[in-house]
Amino acid sequence: QVQVVESGGGSVQPGGSLRLSCVVSGSIFSTYIMGWYRQAPGKQREMVATIFSGGSTNYADSVKGRFTISRDNAKKTVYLQMNSLKPEDTAVYYCNRVPWSLPWGQGTQVTVSS
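Residue numbers for the sequence shown, in my numbering: 56 to 169.
These are calculated hints, taken from the structure and not from any lab test. Quick reminder that beta carbons are idealized off the backbone N, C-alpha and C, glycines included. Check the hints yourself; a few may be wrong.
The calculated lysine-lysine pairs, modelled on DSBU-like cross-linking and capped at a C-alpha distance of 35 Å, are [unchecked claim]:
(1) K141 to K119
(2) K130 to K119
(3) K141 to K98
(4) K119 to K131
Label-pair restraints from in silico Cβ distances [to be verified]:
(5) N138 to F107: 17 to 25 Å
(6) W159 to N113: 37 to 45 Å
(7) D116 to W155: 17 to 25 Å
(8) A95 to L157: 17 to 25 Å
(9) S72 to M102: 18 to 26 Å
(10) N138 to Q56: 30 to 38 Å
(11) G110 to W155: 17 to 25 Å
(12) S169 to G81: 36 to 44 Å
Using the sequences and the hints given, assemble the complete structure.
Written as structure tokens, this is what we have:
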């Protein structure tokens, strides 16, 4: 059974950094296109970043140049390095396949506030 577990969130001031991790157990992880999604209060879940099995990446315009997605297939883990964080980045962050097809994890809360 596939399980998705996100971690690494927290509270930071504007301009700060966080690194999120997501472990996907019980899966043929290396073949998956993986993505980080986020959902802010009162808003729909949105795609933030995508990484293909070969390592190519795509980003939402709102995070381009500030966020970096990466993966370690041996560890079945996908990462999201977030720099220059802004208050509008505040959300619960999730990872899943693209398009999503795995059970959603609990997410990890990121709060950016002064």
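Going down the list of hints, with the structure as the test:
1. K141 to K119: holds, 13 Å
2. K130 to K119: Status holds; Cα separation ~26 Å.
3. K141 to K98: Roughly 17 Å separates the two Cα atoms, so the pair holds.
4. K119 to K131: holds, 24 Å
5. N138 to F107: 17 to 25 Å: holds, 22 Å
6. W159 to N113: 37 to 45 Å: violated, 21 Å
7. D116 to W155: 17 to 25 Å: Holds: the Cβ-Cβ distance is about 20 Å, inside 17 to 25 Å.
8. A95 to L157: 17 to 25 Å: Given a distance of about 22 Å, which is inside 17 to 25 Å, the answer is holds.
9. S72 to M102: 18 to 26 Å: Since the Cβ atoms of S72 and M102 sit about 21 Å apart, the hinted range of 18 to 26 Å holds.
10. N138 to Q56: 30 to 38 Å: This hint holds: roughly 35 Å between Cβ atoms.
11. G110 to W155: 17 to 25 Å: holds, 20 Å
12. S169 to G81: 36 to 44 Å: holds, 41 Å
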